[in-house]
Amino acid sequence: MIAEHLPALQVVLPLVAAPLIVLLRRDTAAWLVATLVSVAAFGIAVALAIAVADAGAISYALGSWPPPWGIEYRVDALSAFMLVLVAGTGALVMPYARASIAAEVSGHQVYLFYAMYCLCLAGLLGIVITGDLFNIFVFMEISSLSTYVLIALGRQRRALLAAFQYLIVGTIGATFYVIGIGLLYLVTGSLNIVDVATRLQDVTEVRPLLAALAFITVGLGLKLALFPLHQWLPNAYAHAPSVVTTFLAATATKVSVYVLIRFYFLVFGHAFALDGLPLRSLLVGLSAVAIVAMSLVALFQPDLKRMLAYSSVAQIGYITLGLGLANAAGLTGSLAHLVNHGVTKGALFLLAGGIAFCCGSTSIADLRGLSRRMPWTAFAFVVAGLSLIGVPGTAGFTSKWFLVEGALENGQPWIVALIVASSLLAVAYVWRVVEAMYLVALPDAPAPAQASTAASMLMRASTAVSVALTVVLGFVTAYNVGYARRAVALLLEGIS
Amino acid sequence: MSAFGGHYSYFVTVLLMVAGLYVTIARGNLVKKLIGLSIFQTSVYLLYIAPGKLIGATAPIVAKGYESYSNPLPHVLILTAIVVGVATIALGLAIVVRIREAYGTIEEDRILEQDRMPDEPAK
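These protein sequence lines map, in sequence, to chains C and L.
Each residue of the first sequence is one higher than the one before, counting from 245 in the numbering used here.
Each residue of the second sequence is one higher than the one before, counting from 129 in the numbering used here.
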């Protein structure tokens with residue numbers, strides 16, 4: 245009986261946990277609730293993914309109001325894929341959060357962190373699972389508002405300004421999105437995604453649709469940090485607490501990409517949005533600039549977290565590149581890269597958080613001689629760094645392979661050259677860190693603060709699992725590539 | 129009705145939208161930025177509400193003698209959007225208060241100036 249309500253529980257569970265945590269107020273209890281909820285949400289996401297793989301899309305009428313009048317929760321191959329990624333990241337990060345948050349957030353704010361995290365998780369899962377356009381906006385704002393708070397929790401005062409700048413940009417983005425769906429609503433009179441898509445096929449007046457498409461593209465472009473709308477991201481990632489950066493890097497921008505993909509392929513339709521307009525060349529062009537220019541900028545960052553943040557903008561470029569290529573191989577690369585980059589960048593930010601936890605700094609200059617003090621961390625960084633570069637045998641390789649295939653299929657070999665160039669730049673910026681850690685000896689290295697508490701053991705376990713995943717996903721591609729293929733089949737089938 | 133008269137609500141909407149966006153981007157004072165953001169969001173309320181109104185129609189309450197009703201759905205959507213807008217502005221102002229406590233100013237250029245200073249000796 246409970247199984248049929250899993251789609252609702254997926255969102256309601258973390259949503260209810262947030263006020264519960266505020267009432268509990270105890271740090272340990274708050275952490276315990278947040279961890280349990282994250283693990284449960286991951287369990288539900290996996291169960292839904294299995295159910296979708298077996299029996300096709302699940303439609304859940306919230307409050308038994310039948311769609312298109314009520315809000316529909318819809319789990320198909322694409323959303324199940326994203327649910328597993330978002331909930332999985334949450335479940336991976338939470339055990340890590342205990343020690344890291346205690347070290348990076350002021351004592352009286354710790355329980356508020358867990359409450360905000362639960363809200364953010366509920367919002368992101370809601371965006372993915374809902375089948376209602378306006379509901380996406382509401383969940384987007386739930387996740388964004390909690391994200392601003394999470395970033396502002398950073399200890400440095402710069403975190404406040406970063407949060408404020410993100411609030412301005414994020415709200416402009418969300419408002420652009422609402423303008424877009426407002427225009428769609430005026431044209432079709434419906435807000436249910438499937439219903440809107442069906443009704444759009446009879447619409448002959450395309451001008452409001454073009455305006456809607458433009459507003460939605462720019463609005464979501466701001467949210468997903470599409471170059472050149474990425475200005476908020478490096479500050480936000482660099483000053484937020486490490487756990488927050490990890491969670492956001494692996495999920496928040498990815499969920500916005502998911503919404504964009506859904507709009508292009510399952511609302512407007514492939515033929516209208518991508519084939520009839522110069523949008524494809526725009527996406528490919530911007531992505532091409534992003535993957536090269538942002539990798540170059542990353543090369544000159546003095547701080548590890550900021551370097552990884554710029555690298556994130558470049559990696560988002562890969563994802564939108566596949567979207568612009570818009571063929572089966574390119575889209576598979578795009579979707580697979582959502583997972584692969586989420587796992588890889590998640591692992592790298594977890595390692596950066598571990599370094600901040602032990603050394604108190606993530607400046608690359610302070611990483612000198614780290615291989616002596618923290619040999620395992622340094623080694624893990626090399627492994628995850630290889631995946632960021634895209635070395636065969638790691639997760640990063642599989643998605644780049646598909647992107648190259650997609651570019652060649654479209655007869656655009658210059659994109660392949662850019663992907664290779666960007667990968668070489670990634671070699672350079674990863675090498676800077678490796679060089680500092682392994683090859684520069686620090687004569688008077690301070691003894692590492694080896695507080696081997698249970699909490700720091702959990703940190704290590706989380707990090708180890710995420711680093712292991714970057715290698716495992718390079719060999720076992722059933723989830724990242726296999727499931728992505730299924731989602732791509734759904735996308736290219738289009739609106740039925 | 130003329131093209132202008134029939135669509136005048138859209139002109140107001142677009143004017144508010146552009147004015148709000150301009151204030152948000154052009155002003156350096158963080159509170160003024162939030163005011164601009166609020167105007168920008170408010171313009172969207174109008175975009176939804178105005179087309180839902182039928183001139184001469186009543187509120188959507190079933191009663192004898194009334195045949196045409198305004199569309200209630202945009203109103204409901206915008207009630208939600210207003211709540212979101214209030215929450216955003218409240219959070220924005222709360223962050224501005226914290227910024228004022230940490231930096232002693234709410235002018236963006238002075239804050240950035242203060243942020244630049246401690247970096248220079250480090251390089």
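Think of the hints as simulated: they come from the structure by calculation, not from any bench.
Source: prediction; values computed, not measured.
No residue lacks a Cβ here, since even glycine has one placed at the ideal position from N, Cα and C.
A portion of the hints provided could be inaccurate.
[Unchecked claim] Over the 12 Å line for every Cβ pair with chain C, so calculated as not near, a few chain L residues:
1) 139
2) 140
3) 184
4) 186
5) 189
[What the hints assert, rightly or not] Below, a sample of chain C positions facing chain L; criterion: calculated Cβ distance under 10 Å:
6) 270
7) 388
8) 396
9) 423
10) 435
11) 719
How about residue 719/C: closest beta carbon in chain L under 10 Å, or not? 43 Å, violated
**Prompt:** Are all beta-carbon distances from residue 186/L to chain C longer than 12 Å?
**Reply:** Since the minimum Cβ distance to chain C is about 20 Å, residue 186/L lies beyond 12 Å and the statement holds.
Query raised in the report: Do the numbers back the hint for residue 435/C, that is, is its least Cβ distance to chain L under 10 Å?
Result: Given a least distance of 8 Å, the restraint on residue 435/C holds.
- Is the nearest CB of chain C more than 12 Å from the CB of residue 184/L? 20 Å, holds
Check: Just checking, residue 189/L versus chain C, shortest CB gap more than 12 Å?
Finding: 19 Å, holds
- Please confirm whether residue 140/L is truly not at the interface, meaning its C-beta sits more than 12 Å away from all C-beta atoms of chain C. About 15 Å separates residue 140/L from the closest Cβ of chain C, which puts it past 12 Å; holds.
Does residue 388/C pass the interface hint, meaning its C-beta sits closer than 10 Å to a C-beta of chain L?
Hint on residue 388/C: holds, closest Cβ of chain L at ~8 Å, below 10 Å.
* To do: Could you let me know if the closest chain C CB is still more than 12 Å away from the CB of residue 139/L?
  => Since the minimum Cβ distance to chain C is about 15 Å, residue 139/L lies beyond 12 Å and the statement holds.
Next item on the list: Classify the hint on residue 423/C as holds or violated, based on whether any CB of chain L lies nearer than 10 Å to its CB.
Entry: 6 Å, holds
Hey, does the residue 396/C contact hint survive, CB to chain L under 10 Å?
Result: holds, 6 Å to nearest chain L Cβ.
Point to revise | Agreement of hint residue 270/C with chain L interface, Cβ distance less than 10 Å | key: With a closest approach of 24 Å, the residue 270/C hint is violated.
Comparing the model with each numbered hint stated earlier shows that hints 6 and 11 do not hold.
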